[in-house]
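**Q** For the sequence shown, our numbering assigns the number 248 to the initial residue and increments by one for each residue that follows.
Errors might be hidden in some of the hints.
To be verified - Here are the simulated EDC-like pairs of lysine to aspartate or glutamate, each with C-alpha atoms no more than 20 Å apart in a straight line:
#1 K323 - E296
#2 K304 - D294
#3 K277 - E288
#4 K304 - D280
#5 K323 - E288
#6 K323 - D307
#7 K304 - E288
#8 K277 - D294
#9 K323 - D299
Unchecked claim - Listed next, with one range per pair, are the computed distances between beta-carbon atoms:
#10 I261 - S290: 18 to 24 Å
#11 N297 - A256: 30 to 36 Å
#12 W274 - N317: 39 to 45 Å
#13 T255 - I319: 46 to 52 Å
What the hints contain is simulated information worked out from the structure, not anything from laboratory work. Values in this document were obtained by computation on a predicted structure and should not be read as measured data. Virtual Cβ for every residue (Gly too), placed ideally from N, Cα, C.
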Amino acid sequence: MKKMFVVTALLGLILAGCNRTIVDTTWAYKYADINGIGTVEVSSWTDYENSDMIQIKAADGTVYLTHSVNVILRTK
């Protein structure tokens, strides 16, 4: 039992040091701050797994494709 606790604690420290998120529960965003564009109301968004690109579809139907460093997704 003690070994299991030690292994779990070490694994938690290793994952925290690697900046890994084990559970991410925020999937719905209302607004996006896009560099060069401003704030837009988000209808839907897509994050591509093998790329740093993000596609944001605004509530007015405009689609933005940009690098993820140019976007801040937020709920408020």
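**Q** Please write out, lowest number first, the hints stated earlier that are contradicted by the structure.
**A** Numbers 1, 9, 10, 12 and 13 - these are the hints that the structure violates, sorted from lowest upward.
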